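Participant: Could you put together the complete structure from these sequences and hints?
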Amino acid sequence: MLKVLFFARVREQLGCASLDYDWPEGGLDLDALQARLCAERGDSWCEVLGQDNIIRAVNQVVAMDNRVLCDGDEVAFFPPVTGG
Amino acid sequence: MAGPAQPPRITVKVQQQDFDVGQLQAALLSGAAAEGAVTTFTGYVRRDNESRAVEVLELEHYPGMTEASIEAIALQAATRWPLLAASVVHRVGALSPGDQIVWVGVASTHREAAFSACEFIMDYLKTRAPFWKKEYCEGSEHWVSARRSDSARADRWKQG
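Line by line, the protein sequences give chains A and B. Going by numbering that gives the first Met the number 0, the letters in the first sequence line up with residues 0 to 83, in that order. Going by numbering that gives the first Met the number 0, the letters in the second sequence line up with residues 0 to 159, in that order.
Rather than coming from a laboratory, the hints here were simulated on the basis of the structure. Predicted, not measured: the structure shown is a model, and the values here were computed from it. A hint or two may mislead.
Cβ-Cβ distance ranges computed for the label pairs, FRET-style [to be verified]:
id, chain 1, residue 1, chain 2, residue 2, range
1, A, Val67, B, Ala93, 36 to 46 Å
2, A, Gly49, B, His141, 13 to 23 Å
3, B, Pro96, A, Ala38, 39 to 49 Å
4, A, Pro23, B, Ser139, 34 to 44 Å
5, A, Pro23, B, Arg110, 54 to 64 Å
6, A, Ile53, B, Gln14, 43 to 53 Å
7, A, Val67, B, Gln75, 21 to 31 Å
8, B, Ala67, A, Asn52, 41 to 51 Å
9, B, Ser148, A, Gln50, 20 to 30 Å
10, B, Glu34, A, Pro23, 23 to 33 Å
11, A, Glu39, B, Arg110, 54 to 64 Å
Where is the CB? At the ideal position from N, CA and C, for every residue including glycine.
Facilitator: See below:
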């Protein structure tokens, strides 16, 4: 099982703060997870997750590139940060 | 520049409640840190942003990652300058114009290191720590966009 989190504008656009994603046989990488969410949840998810500036984090560390995921990982999608 | 023999004391707090900068500076200076120089930065909520009058500023964050990323930024500062202590407090939730939002305090044996590290921490916090601001003004609400100028400020540190 993966824990998938969405924050800020991404959370609002999807109408979803978090979901549990069943760990598939054969494993998954970050790009594949994003493609599956897009395929399984429809156009609006494709549009939101496909935005150029979306940031992805795995286990609370920003992932600049695609990477292999492990069962139990926490994945997050969010827009550019604006704190301070 | 080599770091001091003792690892710096680093504290990070993300909280809803307001903070007292005097108390924070006293806490930063407790123990072995009261030596040389302290630089602090306090950020306040703007009264207007891009010509809109802000009524409420709401801050969302990613619990866990926020604290870890700020700590990583402070540790990175400590590898570049000889720091005795660094402390960051950042508020979340609903804030009003004029409210304190963030505080950074850095103690070092020398002022140059304290100034630079404080600025480095703020610049990296703004571009790396997972906080998001939403403004409520005149009956509408919108997410604040990330600014190129903030990224450019953070990028300056890559040269040194």
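Participant: Indicate, hint by hint, whether the structure satisfies it.
Facilitator: A quick look at each hint next to the structure:
1. A:Val67 with B:Ala93: 36 to 46 Å: holds (39 Å)
2. A:Gly49 with B:His141: 13 to 23 Å: Once the Cβ atoms are compared, 21 Å apart, the range 13 to 23 Å for His141 (chain B) and Gly49 (chain A) holds.
3. B:Pro96 with A:Ala38: 39 to 49 Å: holds (44 Å)
4. A:Pro23 with B:Ser139: 34 to 44 Å: holds (42 Å)
5. A:Pro23 with B:Arg110: 54 to 64 Å: holds (56 Å)
6. A:Ile53 with B:Gln14: 43 to 53 Å: Taking Cβ atoms as reference, Ile53 (chain A) and Gln14 (chain B) lie about 28 Å apart, which means the hint is violated.
7. A:Val67 with B:Gln75: 21 to 31 Å: Distance hint for Val67 (chain A), Gln75 (chain B) holds at roughly 26 Å.
8. B:Ala67 with A:Asn52: 41 to 51 Å: Taking Cβ atoms as reference, Ala67 (chain B) and Asn52 (chain A) lie about 22 Å apart, which means the hint is violated.
9. B:Ser148 with A:Gln50: 20 to 30 Å: Hint holds: Cβ distance 21 Å, inside 20 to 30 Å.
10. B:Glu34 with A:Pro23: 23 to 33 Å: Violated - the Cβ-Cβ distance for Glu34 (chain B) and Pro23 (chain A), about 56 Å, lies outside 23 to 33 Å.
11. A:Glu39 with B:Arg110: 54 to 64 Å: Because 56 Å falls inside the window, the suggested range holds.
Hint compliance for this structure: hints 6, 8, 10 are broken, all remaining hints hold.
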